[in-house]
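Participant: Here are the chains, one letter per residue:
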Amino acid sequence: MSEHIVSKKTYYTVFFALMLGTALTVAAAFVNLHSFNIVVALLIAGVKATLVIFFFMHVKYSSRLTKLWVAVGFIWLFLMLAITMTDYLSRAWLTYKP
Amino acid sequence: MALIETERDPARVEMHSHRHPRLVHHFESMEQQREAGTLGMWWFLLTEIMFFGGMFLAYTVYRHLYFDAFAAGSNVLNIWWGTFNTMVLIGSSLTMALAVFHAQTGNPRKVVIFLLATIVLGSVFLRVKYIEYNDKFVEHVFPAGDFRWPIVNESVRPNNIGDLLLMLVGAEHLNGAGPAEAVPEKPAINNASQTAEQAADPLMAGHVRMFFWIYFAMTGFHALHMIIGIGILLVLIVQTRRGKFSKEYHSYIELFGLYWHFVDIVWIFLFALLYLIDRHP
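First to last, the sequence lines map onto chains X and Z.
Residue numbering for the first sequence follows our numbering, starting at 26 and increasing by one per position.
Residue numbering for the second sequence follows our numbering, starting at -2 and increasing by one per position.
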């Protein structure tokens, strides 16, 4: 497999998408969505990060081994956050009186 | 050369005599060497995920525990500086990606131009970070220093992109924002009401301080990564000018690109978590 060269057009498209995402997420921060503010902000951040990983970092065109490696890194991060928070989120349940 | 001459297999002799001068002996081909390099770089980036992951975990746990304090602390940060810096960093990722493109297509002159552009944008980011940090010292919210809460000495902050651009070039007086150093302390009556508010929750100041510990640790390590990155960029520029890289061999630039984009990703999340999500607690 020879090296895949991502075109300049792709880079510029991704750049404008990232700028648009930034503008959107700032605009959304000024709107009171109550508990959905965090959902919207993290969703947009996730999409932006995915664009950077897939196109700027060439992961879309990388070998399957590299893709697996990248996925493992982020799955590990998710597990650490999720398992730790099962503890913190459930502590209040001990003192909960219905 | 002696090694190649003693090879028995004519096909291998043929292959070895066509080896690229940058192909180290334990790889079969340039492709294999590049693949291994990419994987190795990602291995390093995975340790970086672990490094920042610990701080993201601390942020998540403490935001859960001290929700009100994190919202209060977050609102001390200026969303316009954050937005501006996010855009600057995305711009630097674009110039870095274009530098990689020109390295792949064998155009060292343009590689140097885009690496320089990346340094310029990275430096603008750090300059803004310096202004932001300075404001935090003026406001006495640097957690290891003379920490005071509620804020008694508010610094001048931009209220929109226009203010921000004027402040960036030091011309904030043009739109009547006033000189940055002449900030009056808040009137005493205001302080009294804030103190009463604080008395309702005596632990508030300590909890806000925790927010600023996490803010300075995360953005500080992020800025440190950028300073190291700029140092490496300078080395890459010298190496490119000396003609080290070619269409066939440019892994240093490509792999550094991965590092720079990773630092960008960290900031994308820092911006959302520190500046954006707590504006409507």
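These are computed hints drawn from the structure, not numbers from a lab.
Hints should not be assumed to be uniformly reliable.
With beta-carbon atoms standing in for the labels, derived distance ranges [unchecked claim]:
(1) Z:Ile229 with X:His59: 42 to 48 Å
(2) Z:Gln29 with X:Phe55: 47 to 53 Å
(3) X:Ala96 with Z:Ala202: 18 to 24 Å
(4) X:His59 with Z:Phe134: 29 to 35 Å
(5) Z:Gly103 with X:His59: 36 to 42 Å
(6) Z:Leu62 with X:Leu104: 20 to 26 Å
(7) X:Phe55 with Z:Asp143: 42 to 48 Å
(8) Z:Gly203 with X:Ile108: 40 to 46 Å
(9) X:Thr111 with Z:Ala202: 51 to 57 Å
(10) X:Ala96 with Z:Gly159: 23 to 29 Å
(11) Z:Phe134 with X:Ile108: 36 to 42 Å
(12) X:Leu104 with Z:Phe144: 31 to 37 Å
(13) Z:Asp65 with X:Thr120: 18 to 24 Å
A virtual CB, placed ideally from N, CA and C, is assigned to each residue, including glycine.
Participant: Each hint should be assessed against the structure and marked as holding or not.
Facilitator: Here's how the hints hold up against the structure:
1. Z:Ile229 with X:His59: 42 to 48 Å: Check passed, 44 Å falls within 42 to 48 Å.
2. Z:Gln29 with X:Phe55: 47 to 53 Å: 51 Å, holds
3. X:Ala96 with Z:Ala202: 18 to 24 Å: Cβ of alanine 96 of chain X to Cβ of alanine 202 of chain Z: about 42 Å, so the range 18 to 24 Å is violated.
4. X:His59 with Z:Phe134: 29 to 35 Å: 34 Å, holds
5. Z:Gly103 with X:His59: 36 to 42 Å: Given range 36 to 42 Å: violated, Cβ gap about 54 Å.
6. Z:Leu62 with X:Leu104: 20 to 26 Å: Cβ of leucine 62 of chain Z to Cβ of leucine 104 of chain X: about 21 Å, so the range 20 to 26 Å holds.
7. X:Phe55 with Z:Asp143: 42 to 48 Å: 33 Å, violated
8. Z:Gly203 with X:Ile108: 40 to 46 Å: This hint is violated: roughly 27 Å between Cβ atoms.
9. X:Thr111 with Z:Ala202: 51 to 57 Å: 30 Å, violated
10. X:Ala96 with Z:Gly159: 23 to 29 Å: 43 Å, violated
11. Z:Phe134 with X:Ile108: 36 to 42 Å: 37 Å Cβ-Cβ, so the 36 to 42 Å window holds.
12. X:Leu104 with Z:Phe144: 31 to 37 Å: 35 Å, holds
13. Z:Asp65 with X:Thr120: 18 to 24 Å: At 20 Å between Cβs, range holds.
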